[in-house]
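Peer 1: Residue numbers (the numbering used here), protein chains in the order written: chain A, 12 to 272; chain B, 146 to 441; chain C, 158 to 445.
Treat the hints as calculated values from the structure; they're not laboratory data.
Each residue gets a CB set at the ideal place from its N, CA and C atoms; glycine is no exception.
Some hints here could point you the wrong way.
[As the list claims (entries may be wrong)] Calculated pairs, DSS-like style, for lysine-lysine (alpha carbon to alpha carbon, straight line, at most 30 Å):
#1 A/K157 with B/K298
#2 A/K209 with A/K222
#3 B/K431 with A/K158
#4 C/K317 with A/K158
#5 A/K157 with A/K196
#6 A/K132 with B/K428
#7 A/K131 with B/K432
#8 B/K428 with C/K245
#9 A/K196 with B/K428
#10 B/K431 with A/K69
#11 A/K80 with B/K428
#12 A/K141 with B/K298
#13 C/K287 with B/K432
#14 C/K245 with A/K157
#15 A/K158 with B/K432
#16 A/K209 with B/K428
[Unchecked claim] Only part of the chain B face toward chain A is listed, based on derived beta-carbon distances under 8 Å:
#17 P264
#18 K298
#19 C299
#20 L303
#21 S321
#22 D355
#23 E398
#24 S424
[Stated by the list, open to error] From the derived model, a few chain B residues whose C-beta atoms are all more than 12 Å from chain C:
#25 T197
#26 L219
#27 R229
#28 P416
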Amino acid sequence: MRNDRAILQISDLSKHFGGLKAVERVSFDLLEGEILGLLGPNGAGKTTCFNMISGIYKPTSGSILFHKKRTDGLSPHQMARMGIGRTFQIVRPFATMTVLENIIISLGLQNYQTIGRSSKKWFTPTTRQKAMEILEQVSLCGLAFKKAGILPLGDLRRLEIGRALALKPELLLLDESFSGLRHEKISEMEKLILSLVKKGISVLLIEHNMKVAMKLCHRVVVLDHGRKLAEGTPEDIASDTRVIEAYLGKGGSAYYATSSE
Amino acid sequence: MSSYVITVSIFIVIQAIVAYGLNIIVGYAGQISLGHAAFFGIGAYSAALLSTRAGMVFWVAAPLVMLITGGIGLILGLPSLRVRADFLAITTIGINFIVEALFLYVPFFGGALGIGGIPRVRFMGLRLFGTSYLGLCLLCLGAVILVSWWFTKCWAGLACMALGEDETAASSMGISPVRFKLLAFVIGTAMAGLGGALYAHQMRFIAPSDFGFPVSVMILSLIVLGGMGTLWGPLIGAIILGALPEIFRPFTEYRMLLYGVILLIMIRFQPSGLLGEDSIIRKILKKYWTGGNDEK
Amino acid sequence: MYLFIEQSLNGLAVGSIYALITLGLALVYGILGVLHVAHAGIYTVGAYIGYGVYACTGSLVMAILVGMVACSCLGVLIERFIYFPLLKFPPYVPLISSIALFMGMEEFCRLVAGPSVRTFSLELPFPELKFLDIVISPTLTGIFAISATIFLVLWFITTKTELGLAMRATSQDMDIASSVGIDGHRIIDIIFILGSAIAAVAGILVGIYYNEVYPAMGTVPAYKSLALIVVGGLGSVQGAVIAALLLGIAETLLIGYANIPLPRDALAFIAMIAVLLWRPQGLFGKGA
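Generate coordinates for the entire structure from the input sequences, incorporating the hints supplied.
Peer 2: Laid out in structure tokens, this is it:
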């Protein structure tokens with residue numbers, strides 16, 4: 012039976028690119044207030060899954076239910092409006108704009124719906140205040156007026172989380188938010204994510220680094236070659252022989268890797 | 146002012162109006178268009194037809210012209226904006242060639258001879274020409290700059306700028322790419338239409354070749370020169386490119402060559418334009434005028 | 158019926174020349190992602206050099222060889238000094254530089270050689286072919302033979318040789334290609350050399366076929382070939398060639414038979430927009 016507390020329900024989701032089966036009949040649920048980790052070696056189909064959930068790709072078959080409503084086939088901006096915020100594995104800041112403007116763009120979500128509202132001025136004290144509050148959450152206040160393009164990767168990853176938060180999401184999709192970060196930055200990021208969950212946001216995260224994922228996630232889904240290999244608590248997964256094989260068989264030391272890609 | 150200077154100024158102002166339209170599409174929304182002269186032409190032809198065939202006065206016709214041009218912009222933009230960036234450049238070139246061919250080959254538009262006998266604009270019984278027409282053009286330019294300025298300040302403009310920088314990121318932040326690209330396209334083409342109407346009433350005779358592809362290139366190079374996506378770039382570009390032929394008058398023979406070479410050097414070494422990010426002028430301005438607003 | 162066949166053959170000749178011009182454009186787009194409008198400038202320069210050398214030496218072979226070598230150098234110079242440094246900017250930047258360059262080249266030709274039309278007035282030294290009542294003039298035979306040879310050689314290079322493999326790898330992803338030991342810069346040079354040399358041949362053939370060489374001869378091909386690479390599927394060389402051949406035939410037949418109120422030069426763009434609406438990736442483009 013499917014759980015009633017599920018905010019996101021993925022059933023038999025497939026995505027084929029020509030002959031390549033990037034994702035094949037994957038199903039899982041994400042419960043409210045949960046951190047669910049989506050794990051797997053390179054090319055396992057994690058980012059493809061993300062892109063289907065956030066509306067960038069249309070699934071070949073299967074369904075996605077967000078709050079019990081079918082959302083597969085909707086476009087990214089509609090998904091954002093429904094309350095899904097996301098980050099990107101390869102960061103995509105608006106490089107020539109300031110950090111503050113990057114956040115403000117997300118704050119406009121409600122203003123992009125009608126012509127009337129979108130012809131209103133965006134740089135008002137209220138929006139600025141709201142944007143600064145969000146920057147505070149992701150500790151980027153000091154950089155508010157810097158161009159986003161010159162920020163180091165760690166700050167950009169937090170900026171992307173900030174942009175997603177400005178949408179007031181119920182579900183946050185984090186695509187490898189830890190990759191490329193130094194050790195101390197990783198623990199900062201962990202704290203940030205835990206604080207978001209406390210505020211009632213559910214999190215689906217893709218992680219390459221098993222150590223981080225095992226520590227942070229309530230439950231874990233492991234993908235390999237586009238299929239679901241295993242699902243369970245981090246403890247179950249860590250002792251699952253198939254998972255260990257998938258990792259050690261492919262990348263060798265991925266299990267112990269502290270940074271990836 | 147001599148009437149010659151006034152005539153040159155009128156053309157510079159009209160070019161600036163058209164360029165502000167393109168700046169909204171290319172500079173702010175990041176949608177490359179190489180067919181802007183087509184919309185300039187559609188504006189000029191509809192103004193000419195409305196005044197000569199339907200006998201409409203300019204003040205009624207002008208808003209209608211903008212509506213028509215913006216509407217055609219919407220219809221042509223709908224399929225064009227679905228294609229990838231490089232396709233868009235070529236598609237808009239295609240639109241320009243086809244529109245010019247239609248003007249040339251459909252008898253309704255007067256063929257190669259174009260449309261003549263376009264009346265002067267009248268205001269309270271006075272015929273506007275020379276200085277007074279320059280005044281009208283400047284008024285329109287002011288309105289266009291005001292709209293451009295407002296565009297950078299309103300949510301729709303912000304959405305367009307976000308789309309121009311990174312469409313995937315922008316759309317995952319709730320911005321509908323189709324809606325806002327089209328909005329930019331409609332505003333930009335309507336401005337081109339206004340420029341066209343002013344052009345028709347100034348020339349009083351228009352022909353298809355006035356709106357060919359080279360004109361599109363000229364308008365685009367003008368905003369590249371001035372600084373794409375800046376508020377004053379199109380005006381600076383229009384003034385410089387409008388004055389160049391006069392400066393180069395002694396070398397008429399080499400005019401086009403110099404024009405090509407200047408554009409090439411400019412874009413090769415200063416692709417963001419005279420007023421763009423990291424441009425020499427902007428750096429100098431910042432140095433001597435710190436604390437001054439740098440408008441975006 | 159014979160008229161129809163002769164018209165089709167003329168169309169095929171026009172199409173072959175379009176294909177020769179479009180080839181370079183498709184190759185360059187495939188590897189750099191640049192819309193190389195100035196390619197038509199190279200074609201014009203090639204026609205003029207060919208004309209000049211022929212006028213001086215009276216040897217067509219010399220004219221073609223010198224034209225090819227000179228245009229190859231010109232192509233590589235453009236790539237090294239203009240396109241390559243601009244690749245990091247948005248695509249409109251190299252595009253505008255290319256248009257500016259094209260204008261400059263046209264003007265340069267006009268200033269050096271004068272605005273008047275130069276005539277080649279010679280037939281290509283090929284045999285006249287006859288089937289039943291259909292006569293294929295020596296020039297037509299020559300155009301078919303030369304373009305067919307070029308297509309075959311190019312097809313052989315791109316599909317059967319290591320160079321071709323390296324070219325395809327580089328156009329897929331330059332960084333990965335260079336990580337497996339392919340010298341990406343050299344491949345790009347080779348593509349510009351090939352494309353520009355073929356453009357020179359095309360320029361000389363057009364000069365002979367229409368018996369005219371003039372400064373603005375590149376204007377229409379410059380933009381028509383852009384439409385052709387879209388119809389063929391951006392970056393698909395075979396697609397561009399097939400599209401060019403079809404367009405040549407369609408233009409000639411439509412002008413000969415149907416009385417359409419549009420100039421033949423708009424046909425390419427109408428076809429392009431129709432293709433974009435129906436199949437946005439182009440006739441022979443891959444995937445969505």
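Peer 1: CA of A/K80 to CA of B/K428, is that 30 Å or under?
Peer 2: Since the Cα atoms of A/K80 and B/K428 sit roughly 53 Å apart, the hinted pair is violated (cutoff 30 Å).
Peer 1: Could you grab the alpha-carbon distance between C/K287 and B/K432 and see if it respects the 30 Å cut-off?
Peer 2: Status violated; Cα separation ~77 Å.
Peer 1: Holds or violated: B/S321 as interface residue toward chain A, Cβ cutoff 8 Å?
Peer 2: With a minimum Cβ separation of about 5 Å from chain A (threshold 8 Å), the hint on B/S321 holds.
Peer 1: Between B/K431 and A/K69, does the CA-CA distance stay at or below 30 Å?
Peer 2: violated, 48 Å
Peer 1: Let's test the interface hint: is any C-beta of chain A closer than 8 Å to that of B/S424?
Peer 2: Interface hint status for B/S424: violated (13 Å vs cutoff 8 Å).
Peer 1: Does the claim that B/L219 lies outside the interface with chain C hold up, using a Cβ gap greater than 12 Å?
Peer 2: B/L219 is indeed farther than 12 Å from all Cβ atoms of chain C, at 16 Å.
Peer 1: Take the C-alpha atoms of B/K428 and C/K245, compute the straight-line distance between them, and say whether it is at most 30 Å.
Peer 2: Holds - the C-alpha atoms of C/K245 and B/K428 are around 21 Å apart, at most 30 Å.
Peer 1: Tell me if the straight-line CA distance from C/K245 to A/K157 falls inside 30 Å.
Peer 2: Holds, at about 22 Å.
Peer 1: Does A/K157 pair with A/K196 here, judged by a C-alpha cut-off of 30 Å?
Peer 2: holds, 20 Å
Peer 1: Is it true that the CA of A/K141 sits at most 30 Å from the CA of B/K298?
Peer 2: holds, 18 Å
Peer 1: Can the hint on B/P264 be confirmed by a CB-to-CB distance to chain A that is less than 8 Å?
Peer 2: The hint is violated - B/P264 has no Cβ within 8 Å of chain A, the shortest such distance being about 35 Å.
Peer 1: Assess, step by step, whether the Cα of A/K132 is no farther than 30 Å from the Cα of B/K428, and give holds or violated.
Peer 2: holds, 28 Å
In this structure, the earlier hints numbered 4, 7, 9, 10, 11, 13, 16, 17, 22, 23, 24, 27, 28 are contradicted, and the remaining ones agree with it.
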